[in-house]
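Q: Construct the entire structure; sequences and hints are all you get.
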Amino acid sequence: MSKKTLTVNVGDIYFVPLFLSHDMSNKSYLRYKFGEEGQVFCFLRIVKDLIGSGILVEVFNYIGDANSSVEYIIDSGRMFEPVLIIGDGIHKKRWRKINETENYDCEYHSNFSQIKLVIGGFDRPKIWQNNEIRDPDEDISLIERGKMWAACQLESRIVGMLSEMGRLTKSSII
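Residue numbers (this note's numbering): 1 to 174.
One thing to keep in mind: the hints can contain errors.
No more than 30 Å apart at the CA atoms, straight line, and that leaves these computed lysine-lysine pairs for DSS-like [stated by the list, open to error]:
1) Lys-33 <-> Lys-126
2) Lys-92 <-> Lys-147
3) Lys-116 <-> Lys-126
4) Lys-48 <-> Lys-93
5) Lys-27 <-> Lys-48
Keep in mind the hints are simulated off the structure, nothing from the lab.
A: Right under this line is the structure:
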């Protein structure tokens, strides 16, 4: 039995269904019908595949339906600093590609060299930046942790943040 390798392309934009954040199962969503009226999504873009160390993505502020305008999505800015995902949402078709950034350049479009992640243990944390690892010389509490998020974990984080900001109600995600 062969194991399929997940292939992602930098600049690809995916919708993330916010109404599935409660579904912790690892099932395939290949046959699931997305895009029905009332379904709410946020959107993310692949910044870089760090081969074996996760997929770096940026999550956008925009929330809307599955057919939302890519321009609106990108122009909305980031919801939080880029994070690493394990790719299960893409692999299981829970998250679907809706578009791509033409001629995507991770530095130009996503400011790649400025993205930082805290990696390692709490006793000796390191900073990952621009594919390099260094000792921290700044307040690491302000930097995103370099943990890899599963689909349901990232969806729950997004739903929680949007709910706290009053941008999402329980009725809009059920």
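Q: Next, verify each hint and record whether it holds.
A: Each hint, compared with the structure:
1. Lys-33 <-> Lys-126: 42 Å, violated
2. Lys-92 <-> Lys-147: 20 Å, holds
3. Lys-116 <-> Lys-126: Roughly 10 Å between the alpha carbons, so the hint for Lys-116 and Lys-126 holds.
4. Lys-48 <-> Lys-93: Since the Cα atoms of Lys-48 and Lys-93 sit roughly 19 Å apart, the hinted pair holds (cutoff 30 Å).
5. Lys-27 <-> Lys-48: 25 Å, holds
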